[in-house]
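Okay, so the sequence shown: first residue is 15 according to our numbering, each after it adds one.
Treat the hints loosely; a few may be bogus.
Said to hold, decoys possible - With a straight-line cut-off of 27 Å between C-alpha atoms, the simulated BS3-like cross-links for lysine-lysine are:
no. : residue 1 : residue 2
1   : K198      : K166
2   : K353      : K277
3   : K65       : K46
4   : K317      : K198
5   : K46       : K350
6   : K179      : K210
7   : K198      : K210
8   : K314      : K166
9   : K97       : K198
10  : K97       : K353
11  : K350      : K313
12  : K46       : K403
13  : K313      : K403
14  : K403      : K317
15  : K353      : K46
16  : K46       : K406
17  : K210      : K166
18  : K314      : K148
19  : K198      : K350
20  : K314      : K210
21  : K65       : K97
22  : K403      : K356
23  : K37       : K65
24  : K198      : K304
25  : K350      : K37
26  : K313      : K174
27  : K277      : K46
28  : K406      : K37
29  : K166      : K179
30  : K65       : K406
31  : K353      : K403
As the list claims (entries may be wrong) - What follows is a set of in silico ranges between Cβ atoms, one per label pair, in the way DEER data are often shown:
no. : residue 1 : residue 2 : range
32  : D74       : K174      : 50 to 58 Å
33  : T94       : D62       : 54 to 62 Å
34  : Y79       : N101      : 29 to 37 Å
35  : N128      : G349      : 37 to 45 Å
If you are wondering where the hints come from, they were derived from the structure by calculation, not from laboratory data. As the structure is a prediction and not an experimental result, all values here were calculated from the model. Glycine included, every Cβ here is placed at the ideal spot set by N, Cα and C.
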Amino acid sequence: MQEQLSNRINNLATSQTLAMAAKARELRAEGKDIIGLSLGEPDFNTPDFIKEAAIKAVNDNYNSYTPVDGYAELKDAIITKFKRDNNLTYNHSQIVVSTGAKHSLANVAMVLLNPGDEVILPCPYWVSYAEIVKLAEGVPVEVPTTVETDFKMTPEQLEKAITPKTRMIWYSSPCNPSGMVYSKEELRGLADVLAKHPDIIIVSDEIYEHINFVEGGHASMAEFEDMYERVVTVNGVSKAFAMTGWRIGYIGAPAWIARACNKIQGQITSGANCIAQRAVITALEAPVSKISHMVDTFKKRRKLIIDLLNDIDGFVTTEPEGAFYVFPNISAFFGKTIKGHKIENATDFSMFLLEEALVATVTGDAFGNPDCIRISYAASEEQIEEALKRIKEVLSEA
């Protein structure tokens, strides 16, 4: 039988972060000593107090289908977390628990976008945003930012990007991949623009909320009274609690959006994993101090990797304010041939580092910025030091 795939899947790009990770695994299988700085995954184990809650759930025979939108007790924990950490008040009808924050985002796109609706994406953006929007038949509208402006979209840029077809704006803060954090004042500036366009929905991805190094701490767009009814706040436990494989994300949203997400989820995945949900109750009820050691470690690694990058000619780097990535501009290498590799763009550069330095990074093209690469510092200090040493050595011939 001839292979006949849908236009939907044929037009969908492969996740570049996962593709690079797969390529790194392939090279490791060949015996290559690859240092992986490509995946957005904490290199910590899930804290024991959370694992113990999961074990208890197994022993308590949690094994049945869960409510589509999440256990009531988990919703209680999410509501408490939103109030404690973000000063946001939600009720059960506004919370939907999903199989990871990526699933949450897909739900929102599917229930709000019609063909041709535009979604504003400040660049750089998380690798899956544009593809999720396109899968829902929406149109991504990229708003470029630069290393010189700390990769933040200005109110003027937002105003210019809005058209009669604009349905949503999606952004992350702290940002994956740049590590930038919008302050409350900067969010207010964007909100002042959005206040003039009351039909636009805001999707605020706050998955890196607790990995935040700024003095003012984390700010949420939904904190503004005039924005609250228009904001979908997306969060989860994968990053701050080192629970990537547990696959639990959630939203706080206007009830009408939450109902729609519940409806579509009921037809596609139903409720999220029962054991993971019980463990997440314990995670969210715990004080944030329980995970402060991980944040402290990331902050120390940030200084290390920035110092090492600043010692390599050709890298232009800002100091990230959160998450665990740096996003250096490497366009100084474009047009050069290094060790037989012609570097025309960030993808060429990223593949060059993998093949010659044996260091896996991710091209900035995947995030809407073709002049940069993303480097994760969710790795040990020894790995970071060795990786940057290798990179400096192979670039010495540039």
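| Are there hints from earlier that the structure breaks, and if so, what are their numbers? | 2, 3, 10, 11, 18, 19, 20, 23, 26, 27, 30 and 33
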